[in-house]
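Listed below, chain by chain, are the residues.
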Amino acid sequence: MIFATGGVIVGGWNFVWTAYGATWLVLAGYALSLWWRGRKEAR
Amino acid sequence: MPSGYIPGALGLALFVVLVAAAKLAGGKVRDNWEHGIGLYGLGLFLWGQYSGLFVAPREAMMGDVGRILYVHVPAAWISMMAFTWAFAGSFGSLMLQAPQQLPKILGATGAGGALGIAAAVALDGTPRKLAAFFGVLLVLAFLECLVLYLGHRFFGWDADSADHFAESSTETGIVLGLLLLFLGAVFAKPTWGTYWTWDPRLTASAIMVLTFVGVSLLRATVSDPDTRRSWVSVATVIAYINIPITYMAVKWWRTMHQLQSTPNTLDSDMTFWLRVNAWAFLFLAMWFVARGWRIAAARAAAEAPPPLPPAREVAR
Amino acid sequence: MSARPGVIRQALMVAQKDLLIEVRSPSRVVGLFFFALALVVLIAFTADASPGVLRKTAGGALWLGLLLASTRALDLSYAVETDNDALSGLVLWPVHPAAVFYGKAIANTAVLALVGTLLTPLVVALYSAPIPGGWPAWGQYAVILGLGSAALAAPGTFYALLTTRARASSVMLPLLMFPLVVPALLSASRATTLLMDGDGMGEVPGWVSLLLAFGLLHWSLEGLFYGSIVEDS
Amino acid sequence: MVDDLSRRFGQRWAVARASFSLPRGEALMLTGNNGSGKTTLLRCLSTALKPHVGTARWGGVDLWEQRAACRPKVSLYSHASALYEDLSGPENLRTWARLGGYEPRVEQRLAEVGLELRPEPVRTYSAGMKRRLALARALLKEPELLLLDEPFAALDPDGRTLVLDLASRRRAAGTTLILATHIPEEAAKLCDRRIHLESGQIVEVA
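Respectively, the protein sequence lines represent chains A, B, C and D.
Following our numbering, the numbering of the first sequence begins with 40 at its first residue and continues without gaps.
Following our numbering, the numbering of the second sequence begins with 16 at its first residue and continues without gaps.
Following our numbering, the numbering of the third sequence begins with 117 at its first residue and continues without gaps.
Following our numbering, the numbering of the fourth sequence begins with 1134 at its first residue and continues without gaps.
Next comes chain A alone, as it looks inside the complex (with noise of 0.2 Å):
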């Protein structure tokens, strides 16, 4: 899906919609974890 012409790459959201996913993917599963592990310090 990738088109170079003169250049200039056209199209390409799947790379831009991994890499954006990948990115909210891992900040969450971060988030989640260090909520996880807080509430059970707290404990």
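Treat the hints with care, since some could be wrong.
Label pairs and their calculated CB-CB ranges [said to hold, decoys possible]:
id, chain 1, residue 1, chain 2, residue 2, range
1, A, Arg82, B, Ala40, 20 to 30 Å
2, C, Ser244, B, Tyr20, 56 to 66 Å
3, B, Arg45, A, Ser72, 16 to 26 Å
Derived by calculation from the structure, the hints in this document are not laboratory data.
The beta-carbon is built from N, C-alpha and C at its ideal position, and this holds for glycine as well.
Guided by the hints, dock chains B, C and D onto chain A, whose structure is given.
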């Protein structure tokens, strides 16, 4: 476009207010102040991500793929920032082993730094560069010691709490660093046609993350808390100081093979959205580190040594 | 009773003691040599066997072999100290912690340089990578070998103590040490390859100075911190 | 001299609230079962371990805080012989003597502990011979405070007499002795006082 520094300045002001409130109010506020900065970071993050995807202009050469920069670059900056915090925490932990020495060190580094800067202004050529380098280094050490001194005076920081800070910072740095490496691969495929480029920055980042993974494994290996603290502090300091020389070596190695580097000519709109996202990552990372700090402190309290047994009758 | 020797003399004595132990049990250096040799040969198998390509891999193979051999050498260097807890004995004697570090680092440097020297003719032959340029080039090569061994020995001596004291598995040492020594490995192997494959752009001095900077940084930092690891806390 | 000294390992206090003092030139015997804290106490006094609570002082200075100055004056002889197995006995003694700046006088020192000048590496020695060599090493230092941890272990009757003999000679020369042992009968001839430890605490002073 307004300046990209405004959301950052607001967030930092909020941070100061929250810390002050936590100090003054105590109680529930004291134990939960970081959620304020976390929520602010989350707001910025939602705004920045939406804008990065749909509002920001298309990059001239890379087209929509250039939007990956809005997550890739903040991840790089803030993981580096987290490792810097880890270094500061570990250095602080070593310093706080003898907090009574801090005023003396403050005097020495302050005077040395001022002298170095003054010499840099007066001198020329290579001596100027050297004086400036060591002057700035000493000023940074002075600032670090000042923060440590104030933290020790007003927030009761000691070698252990500085180490807990280093622990959670290292963890945050590793999480963001691994994300960065993944994003680097995703970014490299459409732009350079391969999942991994031996780009100096990417390579040096990979080595940096590996180094800190080693350090955190060391932390997991040592069981005695005091030994662990001093060993990990030393290992963190060495790992951090090694970063520039690694970067230099990798850069040198690559420039001899001529490889394209990341385009750095962004227009001002893109810079604005990049900054918004970077601030968002920063404030989220602050929340991560603060939470991790609490968790580490709670765990240390749980493994605190038992009290001394009562004195026994001595027969004579 | 004569005076207690200073830090530098103590360091030299520790180095002398370690080297005497190596001389008394030569099987260890021989073992290291064959370990490194096996690696060098195996790397040749995995690389393209055409002479041009082999010559370009020679430096990397040599230094990779030395790096992996160094982990064995470092383990052995501390096994001697932990057998009867001689390390605590040294600290309590008292030998200055920095003297223990520098002494052991010097001895480890010497062992690595020796293994490297023994390995050199074999690498030259197996990788068809002669060093053109006569004695000046060989002089440069000797400098690279010495500096590279020293650059590996300092972090190695430091982190091997950590892993021995932590009673960690032998995986820990590479995990801690390898990412750290990337600059040393890179510059030593690049410089070696350039010597063998021709240094058109005159890059060798640059790599040597990087190696030197790395060595200075680690020899000073780790000497400074060794005391806090070797002492009880 | 020792004030409220306590040291823990993990969650366990190996030595707790140990307080006693010992005049210079006297000899003290530590007794107690395995794990009662004798070795830990001696290792704290030798500055190998840092006390977590309390202090140990020698000649008015804190042993741990001033450890660089105190270490030349204190010698510990324990099961950890600090010998290099690949070197011969004379080489071991010579190495240690040079490191501390002492006269080697190897032959004489070996004779003192009943060993000959032999070129074999220490790893070929018997356990008792290693102990004798370790004793010779510990005595190289000519310390003010000599700590002996189980000095009779692995030794034949001759060896025990030798240890007692050497120790009493040191004592006559003004060295202070602290001796931890399971065999109080042997050491009683030498010691002025006795401290009995039970699970890390002093329970009896005699």
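When you take the CB atoms of Arg45(B) and Ser72(A), is the distance between them in 16 to 26 Å? 24 Å, holds
Honestly, do Arg82(A) and Ala40(B) meet the 20 to 30 Å range at C-beta? 25 Å, holds
Outcome for the supplied range 56 to 66 Å, where the beta carbon pair is Ser244(C) and Tyr20(B): The hint (56 to 66 Å, Cβ to Cβ) holds, given that Ser244(C) and Tyr20(B) are roughly 59 Å apart.
Taken one by one, the earlier hints all hold for this structure without exception.
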